[in-house]
Amino acid sequence: MSAIKPTSAPAFSDSVAAPFSDVSRLSARTLGFYLALGVTLAFFALPIVWMAGIAFTPSGEYVSDNLSLLPAHPTLAHFEVLWRDGFPGRLGNTLIVAVGATLLALSLGFLASYALVRFRFPRRLDHAFLLLVLVIKMMPPIVVAIPLFQLLKGLGLLDSKLGLILVYQVYTLPFCIWMLLSFVRDVPLSLEEAASLEGAGLLRRLWHIVLPLCGPGLAATFIFTLIMAWNEFLFALLYLSTPSHFTLPLYVSNFITENETFWGQLMGIGLLSSLPMLLMAGYVQRYLLRGFAMQMK
Amino acid sequence: MLFRSRLQLLLLMSPATLLLAMLTLYPISQILINAFSYVDYVGAERQFVGMDNFVELSEDWFFAGAIKNSLSFSVLASLLQVGLGLALAVLFDRQFAGRRFALPVIIYPMMLSTLVCSAIWRAWYHYDFGFLNNALLSLGLEPVQWLFDPDMALFSVMLVDIWQWTPMAFLIILAGLQSIPADIKDAALTDGARGWRRFRHITLPLIMPQVLLALLLRSIDTFKLFDKVYALTGGGPGNSTETLSLFIYKQGFKFFNLGLASAAALLMLAIACALSAVYAWRYVGAKS
Chain S
1 MSAIKPTSAP AFSDSVAAPF SDVSRLSART LGFYLALGVT LAFFALPIVW
51 MAGIAFTPSG EYVSDNLSLL PAHPTLAHFE VLWRDGFPGR LGNTLIVAVG
101 ATLLALSLGF LASYALVRFR FPRRLDHAFL LLVLVIKMMP PIVVAIPLFQ
151 LLKGLGLLDS KLGLILVYQV YTLPFCIWML LSFVRDVPLS LEEAASLEGA
201 GLLRRLWHIV LPLCGPGLAA TFIFTLIMAW NEFLFALLYL STPSHFTLPL
251 YVSNFITENE TFWGQLMGIG LLSSLPMLLM AGYVQRYLLR GFAMQMK
Chain U
1 MLFRSRLQLL LLMSPATLLL AMLTLYPISQ ILINAFSYVD YVGAERQFVG
51 MDNFVELSED WFFAGAIKNS LSFSVLASLL QVGLGLALAV LFDRQFAGRR
101 FALPVIIYPM MLSTLVCSAI WRAWYHYDFG FLNNALLSLG LEPVQWLFDP
151 DMALFSVMLV DIWQWTPMAF LIILAGLQSI PADIKDAALT DGARGWRRFR
201 HITLPLIMPQ VLLALLLRSI DTFKLFDKVY ALTGGGPGNS TETLSLFIYK
251 QGFKFFNLGL ASAAALLMLA IACALSAVYA WRYVGAKS
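Just so you know, the sequences run in chain order S and U. Residue numbers for the first sequence follow the UniProt record's numbering, beginning at 1 and rising by one. Residue numbers for the second sequence follow the UniProt record's numbering, beginning at 1 and rising by one.
One thing to keep in mind: the hints can contain errors.
With a straight-line Cα cutoff of 25 Å, these simulated DMTMM-like cross-link-like pairs (lysine to aspartate or glutamate) come out [to be verified]:
{"id": "1", "chain 1": "S", "residue 1": "137", "chain 2": "S", "residue 2": "126"}
{"id": "2", "chain 1": "S", "residue 1": "137", "chain 2": "U", "residue 2": "221"}
{"id": "3", "chain 1": "U", "residue 1": "254", "chain 2": "U", "residue 2": "40"}
{"id": "4", "chain 1": "S", "residue 1": "153", "chain 2": "U", "residue 2": "40"}
{"id": "5", "chain 1": "U", "residue 1": "68", "chain 2": "U", "residue 2": "151"}
{"id": "6", "chain 1": "S", "residue 1": "137", "chain 2": "S", "residue 2": "186"}
{"id": "7", "chain 1": "S", "residue 1": "153", "chain 2": "U", "residue 2": "45"}
{"id": "8", "chain 1": "U", "residue 1": "68", "chain 2": "U", "residue 2": "221"}
{"id": "9", "chain 1": "U", "residue 1": "250", "chain 2": "U", "residue 2": "56"}
{"id": "10", "chain 1": "U", "residue 1": "254", "chain 2": "U", "residue 2": "52"}
{"id": "11", "chain 1": "U", "residue 1": "250", "chain 2": "S", "residue 2": "258"}
{"id": "12", "chain 1": "U", "residue 1": "250", "chain 2": "U", "residue 2": "221"}
{"id": "13", "chain 1": "U", "residue 1": "250", "chain 2": "U", "residue 2": "59"}
{"id": "14", "chain 1": "U", "residue 1": "250", "chain 2": "S", "residue 2": "159"}
{"id": "15", "chain 1": "U", "residue 1": "68", "chain 2": "U", "residue 2": "56"}
{"id": "16", "chain 1": "U", "residue 1": "68", "chain 2": "U", "residue 2": "52"}
{"id": "17", "chain 1": "U", "residue 1": "250", "chain 2": "U", "residue 2": "60"}
{"id": "18", "chain 1": "U", "residue 1": "250", "chain 2": "U", "residue 2": "52"}
{"id": "19", "chain 1": "U", "residue 1": "185", "chain 2": "U", "residue 2": "93"}
{"id": "20", "chain 1": "U", "residue 1": "254", "chain 2": "S", "residue 2": "258"}
{"id": "21", "chain 1": "U", "residue 1": "254", "chain 2": "S", "residue 2": "159"}
Since the hints were derived computationally from the structure, they do not count as laboratory data.
Throw the hints in and build the complete structure from the sequences for me.
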């Protein structure tokens with residue numbers, strides 16, 4: 001499954017494709033390839049490099065007409081400000097909300113997708129359910145934002161982490177169900193049938209057979225869902241009002257004021273808040289492509 | 001063999017079903033009622049007014065602009081993202097030195113929160129000291145009012161979306177490319193097909209499902225556009241970047257015009273449903 005690993009699958013490069021063509025044409029193509037690659041990488045990487053640079057640049061230094069990406073006098077001042085300003089608290093909020101929403105969606109989604117794959121539904125209700133999930137997945141969140149505001153208000157969950165965890169299920173639960181379906185499908189039914197004949201009940205089969213075999217799928221789904229919840233903005237904006245309850249995407253707005261924009265702190269948040277996601281995504285890189293391949297099944 | 005116990009089925013399905021029903025069926029029913037009502041936000045009173053909200057919307061110049069902006073943004077941005085993603089995927093469907101490190105670089109933008117993306121690009125778009133205008137000046141070109149020129153602003157927002165989400169189209173299409181069996185590639189080679197012909201007649205037809213999927217997913221996502229306009233332009237200048245999501249947000253949460261906001265939300269839901277119907281027909285219908 002490690003499609004990205006350089007060792008898997010024989011290379012299908014143009015140098016293999018045209019072993020007998022003349023050398024100058026070959027090197028022109030190779031040059032063209034690296035040129036295209038370079039331009040692409042620059043387009044995607046430059047803003048990130050700039051972000052990292054500004055996070056370490058003293059305020060004021062970058063307000064000049066040069067194109068330098070890296071600071072002349074690197075400083076940690078912005079991170080110190082963030083640390084004192086309450087960044088850790090906002091990071092904690094984000095962590096609780098994002099992990100909470102992900103775990104809830106993952107566990108409910110896992111049960112539902114298992115049922116959808118393994119059980120006979122009366123009157124093709126499984127298709128109806130899947131269609132409903134699909135529609136929800138496609139639905140613009142702003143459409144339900146006002147009634148959900150009133151729902152949270154009624155439940156006394158406005159401005160709370162639990163409330164956000166709950167409303168994030170609009171995004172995360174359909175996504176989890178849809179993505180886990182194909183991973184559950186890959187679990188051999190024969191294993192479960194054998195266990196069933198030996199008297200293993202539903203819970204034992206789920207816990208000892210299906211769950212371990214779905215491990216990689218669950219991990220990939222976890223990452224995708226976590227990124228989604230980690231960066232969510234609209235619901236956080238609408239349902240949180242106390243600054244100390246803010247999640248990181250909302251916290252960003254603290255540093256854009258009427259009079260001044262604190263670019264250094266802003267980019268510091270960007271760097272700090274995206275690094276955990278990036279590290280995790282790097283760790284499960286080999287599942288990333290598979291995850292996307294799964295989404296369409 | 002499928003398991004048959006109704007009780008177990010109920011146990012497995014009910015948590016997700018109940019939660020989704022509460023979070024979507026209830027809100028949608030509220031929108032259906034509110035769209036045909038005048039809602040007094042303070043008194044929480046509701047009065048049936050028939051089609052009044054829709055009549056008001058049809059006369060609202062901002063709403064017409066919002067529909068136009070949302071649709072044109074969605075169509076253009078998704079086409080560009082899928083086109084670029086396809087080119088990128090072809091570029092990456094081979095082995096080269098440093099591929100393992102190039103891939104994370106390309107998908108990093110996806111990991112950033114949209115607000116951070118918007119902050120980076122706000123700085124880059126700054127008229128006086130932004131990176132882009134500095135680059136233009138150093139090339140001897142005129143600086144551009146990226147976010148404050150009404151003809152330019154929507155495209156500037158689009159560029160940010162392209163930067164952030166082309167990687168997603170890229171990953172979907174790359175997954176498709178890498179699932180093409182090696183023997184098909186070999187067969188094409190022994191037939192002498194290479195370069196553009198090989199791509200046009202062999203590769204492209206094989207990855208068409210993934211290309212269409214990327215196009216659908218991106219068009220649905222771009223149609224919802226909210227965070228970026230909220231953070232970059234607030235809908236301005238004028239109403240040149242006002243989208244449906246922003247329109248509903250303003251009506252509902254700034255002017256507390258719940259009836260009008262619900263009517264707009266209902267129309268937006270209808271458009272989104274039409275989009276996902278295409279998706280459902282293509283991907284669910286085909287399997288059942």
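Exercise for the section: Against the structure, test the hints numbered earlier, and report the numbers of the ones violated in rising order. Expected result: none
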